[in-house]
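Okay, here's what each chain looks like letter by letter:
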Amino acid sequence: MDISALNEKIKEESAFVDLLVNEIGKVIVGQRAMIERLLIGLLSNGHVLLEGVPGLAKTLAIKTLSSAMKAKFQRIQFTPDLLPADLVGTQIYNQREGNFLIRKGPIFSNFILADEINRAPAKVQSALLEAMQERQVTIGDQTFKLEDPFLVLATENPIEQEGTYPLPEAQVDRFMLKVMISYPSRDEELKIMRQNVNAVDGGVQQVVSPKDIIKARNLVHDVYIDEKIEKYILDIVFATRSPKDYGLEKLTDYISYGASPRASINLALGAKAMAFIKRRGYVIPEDVRGICLDVLRHRVAVTYEAEAEEINSENVIREILNKVEVP
Amino acid sequence: MVRRAALIGLLISLLASPALSQVTSATASTGKTSYLVGDYINYKIQVGYKPGTTVFPPMIQDSLRNVTLLKVEKPSKVAISGDTTITYAYTLSCYDSAGVTLPGIPIFYRTASDTTLQVVPTNPVRLTVSTVKVNLKEGIKDVNAPIKIPFDWKWLLIWIGAALLIAAIAYYLYRRYKKTKAAAASVKPLVKLLPHEEALSSLHQLEQQQLWQRGLVKEYHSAITEIIRRYFEKRFKMPAMELPTSEAVELLKRRPESAPILDLTYGFLSNADMVKFAKFTPMNSVNEEMMKQAYEIVNKTAVSNGRDGKENGDAVQ
Numbered sequence: 001m002d003i004s005a006l007n008e009k010i011k012e013e014s015a016f017v018d019l020l021v022n023e024i025g026k027v028i029v030g031q032r033a034m035i036e037r038l039l040i041g042l043l044s045n046g047h048v049l050l051e052g053v054p055g056l057a058k059t060l061a062i063k064t065l066s067s068a069m070k071a072k073f074q075r076i077q078f079t080p081d082l083l084p085a086d087l088v089g090t091q092i093y094n095q096r097e098g099n100f101l102i103r104k105g106p107i108f109s110n111f112i113l114a115d116e117i118n119r120a121p122a123k124v125q126s127a128l129l130e131a132m133q134e135r136q137v138t139i140g141d142q143t144f145k146l147e148d149p150f151l152v153l154a155t156e157n158p159i160e161q162e163g164t165y166p167l168p169e170a171q172v173d174r175f176m177l178k179v180m181i182s183y184p185s186r187d188e189e190l191k192i193m194r195q196n197v198n199a200v201d202g203g204v205q206q207v208v209s210p211k212d213i214i215k216a217r218n219l220v221h222d223v224y225i226d227e228k229i230e231k232y233i234l235d236i237v238f239a240t241r242s243p244k245d246y247g248l249e250k251l252t253d254y255i256s257y258g259a260s261p262r263a264s265i266n267l268a269l270g271a272k273a274m275a276f277i278k279r280r281g282y283v284i285p286e287d288v289r290g291i292c293l294d295v296l297r298h299r300v301a302v303t304y305e306a307e308a309e310e311i312n313s314e315n316v317i318r319e320i321l322n323k324v325e326v327p
Numbered sequence: 001m002v003r004r005a006a007l008i009g010l011l012i013s014l015l016a017s018p019a020l021s022q023v024t025s026a027t028a029s030t031g032k033t034s035y036l037v038g039d040y041i042n043y044k045i046q047v048g049y050k051p052g053t054t055v056f057p058p059m060i061q062d063s064l065r066n067v068t069l070l071k072v073e074k075p076s077k078v079a080i081s082g083d084t085t086i087t088y089a090y091t092l093s094c095y096d097s098a099g100v101t102l103p104g105i106p107i108f109y110r111t112a113s114d115t116t117l118q119v120v121p122t123n124p125v126r127l128t129v130s131t132v133k134v135n136l137k138e139g140i141k142d143v144n145a146p147i148k149i150p151f152d153w154k155w156l157l158i159w160i161g162a163a164l165l166i167a168a169i170a171y172y173l174y175r176r177y178k179k180t181k182a183a184a185a186s187v188k189p190l191v192k193l194l195p196h197e198e199a200l201s202s203l204h205q206l207e208q209q210q211l212w213q214r215g216l217v218k219e220y221h222s223a224i225t226e227i228i229r230r231y232f233e234k235r236f237k238m239p240a241m242e243l244p245t246s247e248a249v250e251l252l253k254r255r256p257e258s259a260p261i262l263d264l265t266y267g268f269l270s271n272a273d274m275v276k277f278a279k280f281t282p283m284n285s286v287n288e289e290m291m292k293q294a295y296e297i298v299n300k301t302a303v304s305n306g307r308d309g310k311e312n313g314d315a316v317q
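The listed protein sequences correspond, in order, to chains A and B. Numbered as in our numbering, the first sequence ends at 327 without a single skipped number. Numbered as in our numbering, the second sequence ends at 317 without a single skipped number.
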């Protein structure tokens, strides 16, 4: 497709993004970056891991998003006694008819909020992550496709780590984005306080349907990504693996292991979705840089030396972005 | 009565004499009797004895006064017609000028038929030790001449070899230094171009290459933006090569001297982004306009004074 025509089409088709953001904005004050990342996950068919202290409107954001799309939403509180069957469903014996019935679990929804995913044992985590990857669930001898769109938003609480089951690196890698949520600004918090104290009813209207999202996804796939941008993405990812080749010798001792090929794929997908949100039919370096931290921060592991010097993966990625030349 | 007493006395003296005992002689001697202070005195004790007699080595250390025992030689034995003579040799020295008497040294021995330890003394030896006569008319000189070390050809050859090697290395280094110096002198000193001079020169070269005229539009836009970004890096000390358009312009905003080119730069870089990343094919007039804009950006922010780069101000972070 011609880029100008694609550009025009995307300008038209992505109009719902502003509507959606405005609608969510009626309920959620601030947190624009989080909402954008949720949309990127939705448009790229990826999942999002959110990290932030309690009370930062994580649940409210995804609930509002599902309301604005009139999609099915389920919140699952992960606890140490949760079982895989509580998540995906199970077979129940029907005494009257003498056979087993399938009872589907809460995972059969469009939006899943896996709250405090690191509180559940590994078997439950892997059941969820398998469903995220395969987009289907097998109960007994029957396999069921999950809803489309299907977005899992998992949260982790960074301040309470006792009695938790931290996600292994291989499983964290399955999340397209890891978004860090920070406290709102003073003005935003004033607005939040007033909104809640005065019980302002920010009733959310449906502004987009799940079908529109699926349609938009196809357009996101069509967003043009130039070879120069692809090389830029590869440069960033390869710099996490062999920083020395990019003049970043000082990072060699700080990186335990670099980003996987999933990082390159998700960086390209995320950049395309970002371009779509910005209503463009082509990717520019700003799109890559805009999504880079969220795609890479959970895929680059730092060494003990780095931790001792209070250097985290974000510092490493920023250093790489400041060194790799833009095309 | 007198005759009887004389006979008894003769008998006693005969019995006590060495001629009648198992040890036939015990004599002490030195080579000479006059020595200078510090001279070596070769002191010998010779003991002659008959077979079946055990002679114990004399203990002279405790008997000597005013002399110092320097060395004890190994005793030597000589047997002549049944009798044995053992010689004990010592090196002594005396450090005071005086008349010295080396006393009689008791020689202990035992015979095979009798277990009683018997003794016979040596004769005392008188010596005269005197100081060196000082000739006040002569100058001061060494007591002993310096020791002469025998000449060793092997060491001489080693030293000559080492000296030649050092000389060769020194010569090589000198030649190398001269060569480097000559080469450095032949290179013309580099003229450090100011950022705008470098940028203008690069733009001129790019113009000469006629990239867009040959259909290399994307390459032309990549090259022209690279020149401008490199210019910004040097002129404004900002990492423009590592920043996308929006972030580069944001940084430029922090420099007041970039105010006249802010909008121009944003438009210039954004247009180039369209060509580079969105397959946009600009009209020829746009390509020409890009070159004009590039010259304008450089000329409007050029700094002409000084070549040390200090005029560019602080780095933009």
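What the hints contain is simulated information worked out from the structure, not anything from laboratory work. You may find that some hints are simply not true.
[Said to hold, decoys possible] Pairwise CB distance ranges, derived in the manner of DEER restraints:
(1) B/Met-283 - A/Arg-135: 20 to 30 Å
(2) B/Met-283 - A/Gly-55: 49 to 59 Å
(3) B/Met-283 - A/Ile-265: 49 to 59 Å
(4) A/Gly-203 - B/Leu-216: 30 to 40 Å
(5) B/Leu-216 - A/Lys-250: 47 to 57 Å
(6) A/Asn-312 - B/Ser-270: 25 to 35 Å
[Stated by the list, open to error] Within a straight-line C-alpha distance of at most 25 Å, the following computed SDA-like cross-link-like pairs (lysine to any residue) qualify:
(7) A/Lys-26 - A/Asp-222
(8) A/Lys-323 - B/Thr-128
(9) A/Lys-9 - A/Gly-203
(10) B/Lys-32 - B/Ser-97
(11) A/Lys-250 - B/Gly-215
(12) A/Lys-70 - A/Gly-203
(13) B/Lys-300 - B/Glu-257
(14) B/Lys-154 - B/Arg-176
(15) B/Lys-279 - A/Glu-325
(16) A/Lys-278 - B/Met-241
(17) B/Lys-292 - B/Leu-251
(18) B/Lys-234 - B/Glu-219
(19) A/Lys-11 - B/Asn-271
(20) B/Lys-237 - A/Asp-222
(21) A/Lys-228 - B/Asp-96
(22) A/Lys-231 - B/Lys-279
(23) A/Lys-215 - A/Thr-164
(24) B/Lys-74 - B/Leu-117
(25) A/Lys-228 - A/Ser-264
(26) A/Lys-278 - A/Pro-210
(27) A/Lys-231 - B/Arg-230
(28) A/Lys-231 - B/Glu-247
(29) A/Lys-231 - B/Leu-211
(30) B/Lys-218 - A/Asp-222
(31) A/Lys-63 - A/Val-53
(32) A/Lys-228 - B/Leu-117
(33) A/Lys-250 - B/Glu-233
(34) A/Lys-228 - B/Glu-233
(35) A/Lys-104 - A/Lys-26
All C-beta atoms, glycine included, are put in the ideal place defined by N, C-alpha and C.
*Does B/Lys-74 pair with B/Leu-117 here, judged by a C-alpha cut-off of 25 Å?*
holds, 24 Å
*Does the Cβ distance between B/Met-283 and A/Gly-55 fall inside 49 to 59 Å?*
This hint holds: roughly 55 Å between Cβ atoms.
*Given the hinted pair A/Lys-228 and B/Asp-96, is their alpha-carbon gap at most 25 Å?*
The hint is violated at about 106 Å.
*49 to 59 Å as the expected CB spacing between A/Ile-265 and B/Met-283, which holds or is violated*: At 37 Å between Cβs, range violated.
*asked:* So if I understand the rule, the pair passes when the alpha-carbon distance is 25 Å or less; does B/Lys-234 with B/Glu-219 pass?
replied: Satisfied, since the Cα-Cα distance of roughly 23 Å is no more than 25 Å.
*Hey, A/Lys-250 versus B/Glu-233, does the alpha-carbon distance stay inside 25 Å?*
Judged against 25 Å, a Cα distance of about 23 Å means the pair holds.
*Regarding the pair A/Lys-278 and B/Met-241, is the alpha-carbon distance no greater than 25 Å?*
holds, 23 Å
*Starting from the hint 20 to 30 Å, judge whether the C-beta atoms of B/Met-283 and A/Arg-135 obey it.*
violated, 47 Å
_A/Lys-231 paired with B/Glu-247 [C-alpha distance capped at 25 Å]_ = Given pair A/Lys-231, B/Glu-247 holds - Cα atoms ~20 Å apart, limit 25 Å.
*Are the Cα positions of A/Lys-26 and A/Asp-222 separated by 25 Å at most?*
violated, 31 Å
*Does A/Lys-228 pair with B/Leu-117 here, judged by a C-alpha cut-off of 25 Å?*
Between A/Lys-228 and B/Leu-117 the Cα gap is close to 118 Å, so the pair fails against 25 Å, i.e. violated.
*Could you grab the alpha-carbon distance between A/Lys-231 and B/Arg-230 and see if it respects the 25 Å cut-off?*
holds, 20 Å
Hint compliance for this structure: hints 1, 3, 4, 5, 7, 8, 9, 11, 14, 20, 21, 23, 32 and 35 are broken, all remaining hints hold.
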